[in-house]
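**Student:** If you're matching them up, the sequences are chains D and Z in order.
Residue numbers for the first sequence follow the working numbering, so the first one is 730 and each next one is one higher.
Residue numbers for the second sequence follow the working numbering, so the first one is 21 and each next one is one higher.
Be aware that one or more of the hints could be misleading.
[To be verified] Rough simulated footprint, nothing fancy, chain D against chain Z, three-plus residues with beta-carbon under 8 angstroms:
no. : stretch
1   : 33-43
2   : 337-351
3   : 395-405
[Said to hold, decoys possible] Taking lysine-lysine pairs in the BS3-like style, the calculated list, with each CA pair at most 25 angstroms apart, reads:
no. : chain 1 : residue 1 : chain 2 : residue 2
4   : Z       : K38       : D       : K1066
5   : D       : K1106     : Z       : K380
6   : D       : K1097     : Z       : K152
7   : Z       : K117      : D       : K1106
8   : D       : K904      : D       : K955
9   : Z       : K380      : D       : K1066
10  : Z       : K71       : Z       : K106
11  : Z       : K357      : Z       : K154
12  : Z       : K152      : Z       : K357
13  : Z       : K46       : D       : K990
14  : Z       : K106      : Z       : K359
15  : D       : K907      : D       : K1120
16  : D       : K1120     : D       : K929
17  : Z       : K214      : D       : K990
18  : D       : K907      : D       : K1124
19  : Z       : K380      : D       : K1114
20  : D       : K1102     : Z       : K412
21  : D       : K1124     : D       : K904
22  : Z       : K312      : Z       : K164
23  : Z       : K106      : D       : K1102
24  : D       : K1097     : Z       : K46
25  : Z       : K412      : D       : K1097
26  : Z       : K380      : D       : K1120
27  : Z       : K214      : Z       : K164
28  : D       : K990      : D       : K1102
29  : D       : K1102     : Z       : K38
[Said to hold, decoys possible] Here are the in silico distance ranges between beta carbons for each label pair:
no. : chain 1 : residue 1 : chain 2 : residue 2 : range
30  : Z       : L349      : D       : E1072     : 37 to 45 angstroms
31  : D       : N889      : Z       : W237      : 51 to 59 angstroms
32  : D       : D849      : Z       : E234      : 43 to 51 angstroms
33  : Z       : L418      : D       : M939      : 50 to 58 angstroms
34  : D       : E956      : Z       : C419      : 41 to 49 angstroms
35  : D       : Q1111     : Z       : S253      : 45 to 53 angstroms
36  : D       : N889      : Z       : S55       : 31 to 39 angstroms
Hints were generated in silico from the structure; no laboratory data involved.
We put the beta carbon where it would ideally sit given N, CA and C, even for glycine.
Residue strings, one per chain:
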Amino acid sequence: MFGWEFPPHYSGGLGVACEGLANGMVECGASIVFVLPKRMPVNPSRMRLVFADDDKTEISLIKYKIIPSPLSPYASSASYLEEMKKNTLIETKIYGGTLAEEVLRYASRASRIAQEEEYDIIHSHDWLTFLAGIEAKKISGKPLFVHVHATEYDRTGGGNFNEFVYAIEKEGMEKADKIIAISQYTKDIIIKYYGIDPEKIEIVHNGIEMFKECVDMGKQKLHSLKESGNHIVLFLGRFTIQKGPDYFLAMARRVLEYMPKTIFVMAGSGDMERMLVSRSAELGISEKVVFTGFLREKERDEVYAMADIFVVPSVSEPFGLTVLESMDRGAPVLVSKQSGVSEIVQNVLKVNFWDIEEMSDKVIAVLKYGALKNQLKNYARQEAKSHSWHKAAQKCLEIFGKYC
Amino acid sequence: MSSVCFYFQVHQPYRVKKYRFFDIGKDHNYFNDNSETSLNNSRIMERVSRKAYLPTNKLLLELLNRHPEFKISFSFSGIYLDQLEKEFPEVLESFQKLVATGRAEVLGETYYHSLSFLYSPSEFKAQVLAHKKKIQKLFSVTPKVFRNTELIYNNDLAQAVEKMGYVGILAEGADRILEWRSPNFLYQPKGTQKIKLLLKNYRLSDDIAFRFSEKSWKDYPLTAEKFSHWVSSHNGNGEVMNLFMDYETFGEHQWEDSGIFKFLEALPEHILSHPDNDFVTPSESCARYSPKGELDFNDFVSWADEERDLSAWRSNPLQNDALEQIYALENEVISTKNKALIEDWRRLQTSDHFYYMCTKWFADGDVHKYFNPYESPYDAFISYMNVLHDIKLRVQELCVPLREGRTQKSIK
Chain D
730 MFGWEFPPHY
740 SGGLGVACEG
750 LANGMVECGA
760 SIVFVLPKRM
770 PVNPSRMRLV
780 FADDDKTEIS
790 LIKYKIIPSP
800 LSPYASSASY
810 LEEMKKNTLI
820 ETKIYGGTLA
830 EEVLRYASRA
840 SRIAQEEEYD
850 IIHSHDWLTF
860 LAGIEAKKIS
870 GKPLFVHVHA
880 TEYDRTGGGN
890 FNEFVYAIEK
900 EGMEKADKII
910 AISQYTKDII
920 IKYYGIDPEK
930 IEIVHNGIEM
940 FKECVDMGKQ
950 KLHSLKESGN
960 HIVLFLGRFT
970 IQKGPDYFLA
980 MARRVLEYMP
990 KTIFVMAGSG
1000 DMERMLVSRS
1010 AELGISEKVV
1020 FTGFLREKER
1030 DEVYAMADIF
1040 VVPSVSEPFG
1050 LTVLESMDRG
1060 APVLVSKQSG
1070 VSEIVQNVLK
1080 VNFWDIEEMS
1090 DKVIAVLKYG
1100 ALKNQLKNYA
1110 RQEAKSHSWH
1120 KAAQKCLEIF
1130 GKYC
Chain Z
21 MSSVCFYFQV
31 HQPYRVKKYR
41 FFDIGKDHNY
51 FNDNSETSLN
61 NSRIMERVSR
71 KAYLPTNKLL
81 LELLNRHPEF
91 KISFSFSGIY
101 LDQLEKEFPE
111 VLESFQKLVA
121 TGRAEVLGET
131 YYHSLSFLYS
141 PSEFKAQVLA
151 HKKKIQKLFS
161 VTPKVFRNTE
171 LIYNNDLAQA
181 VEKMGYVGIL
191 AEGADRILEW
201 RSPNFLYQPK
211 GTQKIKLLLK
221 NYRLSDDIAF
231 RFSEKSWKDY
241 PLTAEKFSHW
251 VSSHNGNGEV
261 MNLFMDYETF
271 GEHQWEDSGI
281 FKFLEALPEH
291 ILSHPDNDFV
301 TPSESCARYS
311 PKGELDFNDF
321 VSWADEERDL
331 SAWRSNPLQN
341 DALEQIYALE
351 NEVISTKNKA
361 LIEDWRRLQT
371 SDHFYYMCTK
381 WFADGDVHKY
391 FNPYESPYDA
401 FISYMNVLHD
411 IKLRVQELCV
421 PLREGRTQKS
431 IK
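Please work from the sequences and hints to get the whole structure.
**Tutor:** So, in structure tokens, the structure goes:
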């Protein structure tokens, strides 16, 4: 499996999905060689301890192979260059100078691993690992499955495709024996924008890791705001066009006209952050908008538990793992219809991301009508239980089974 | 003798349009959606009239003329008739012609097709009375047999309806009440003296209403001949076969191309070809047959879904909350004496609103989804509660000047 780093070091859904699927497959009796890129720390002593070039760590039946690389699942050419600028001389010598160079370097390192290891199938997660998967297939002749969690179409909100990224995505999809899409929504995009035969694409919806511990409400920073009678409306995700944070602010302004005692929490980080801060000032609502920065797992569980409603106004969302998380953790959800997750969940509210009036009306309804809020909370928690990673992993293995 | 008793339910609600929180206090027209969606009441009435009401009425009139022994009965909700009067007079006329034959009985029900019996005896009575007046006005007949919304029924209802002067009442022939007994006889409701209970034969009724065009059904295709044979086979162990169904079965639920009209056209002839068969209306049935025993409906039974209980309207917190809130307004709304407000409040009692909020089908059946004009039960609840909010504001506005007036007087 060519995947991505697990929690708590991940940023975003891809790491969660890789962890969920890998653990689920192991539960079903599969064994996995898990290859992932990991940033080489500047401190050499730590490097030797944990991140050595040929580090082999065995935990249960997953064997980890780490390739030192600054690749991250949401890298773009610009963000990569910016990252590299910040880095020391040593690093720039090892890594590719541009994102394109680094992706090629990563693929060639992967092919070395592909020669050394034994495996029956190759499973690649998103474009940055597709070339590695293709290399491995060339060497071993084993079937290649590319798992599509997001496409360039989603990342750009349907706008300017990066040709380099698009070409790799398309090549991966074409050379794969089978494509696994995480939703019908994503399958449709693959057919429409990548010209792939629908027969070649299987859908495996994501799952959810059930929440186990109780959240201690006392610890929260936002607790006092809530205590003083404010409603909490939550946004949680990267601040990028894809996630629609600007629609969230437009909705906030409308809701505040009617429900002034409401705080809009924006949890996350990303390239739109500065723009969003100034936008909220322009709208005259900056005192009602709280930016928390990027939240780790535990902190996220805390804000879910505290929120009166979690709004996911994504412009294009291949799946939307946070929706399942929130359903399980107890915040009622309003999700855009332009999302994969909305295909499989019932006990949430749904809206077109551009329809600010409808979005605002639904947020107000949840804040106003206790019966609605409670039913969404309780029914969604039950419903989330039926979407497990175990089920998703099982479905993947069934697809693989036809090839070996 | 085996009698066939047809009863057709004819009803269309005033669906609440997409009503936003921002509309509260500004817009008091709750039922005037004019979009291309199925929230547009006129649009639905137009479609169903064209596909179902008009062609079926035409056919039934022909059949009544052709077969002097053929008989049927209808129950119209008051708000259905209101919609006909306002926009579809030709449909109303075609119903009036059927009733004028004297062989199409009209039953009594609540004007607003409401669940009022479950919440307010006074409101229930007011709606039954209003309905009776409406039927007298439009059809010049007085209902003698009663059927409650969606055949919701229990002992208390039979007792209350008997006191209001009805000779018969309809209910679902649910297995859990009948046990070993047959639905093809009349019964005596527990705790009543005279009123008789007519039970729906749900197997035969649903063969027409639900299974008619189901190709996977072992008896598909259903012919008039086959159906009449089933009816005749009850001869000797049943007196009356009650075939109760939605009138929209003909042309709307079962489309014309399913052959439903041809089936209906051939049915009277085939039924009557057996010398021991005939047709009766519900009140004739009550006059002709005696009860075969007492039946005890302690819990509510209805004709909805597999459960045949109240769960289609009262199985989740949204439904319960909406129902409790609308009926909690009764005294305040009535005391305003404001006709438009009272009318709107009553239209909001129609059972369909709560049916649209049902979440049962998330787990199993898809019937609710088919009949739900909203994208989700949550959407249905949100529009409904926003409207209710507006109703509350109107009540306040009408009450406040009154109170102020009184205070001023007392100061003087």
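**Student:** Identify every previously stated hint that the structure contradicts and give their numbers, smallest first.
**Tutor:** 6, 7, 8, 17, 23 and 34
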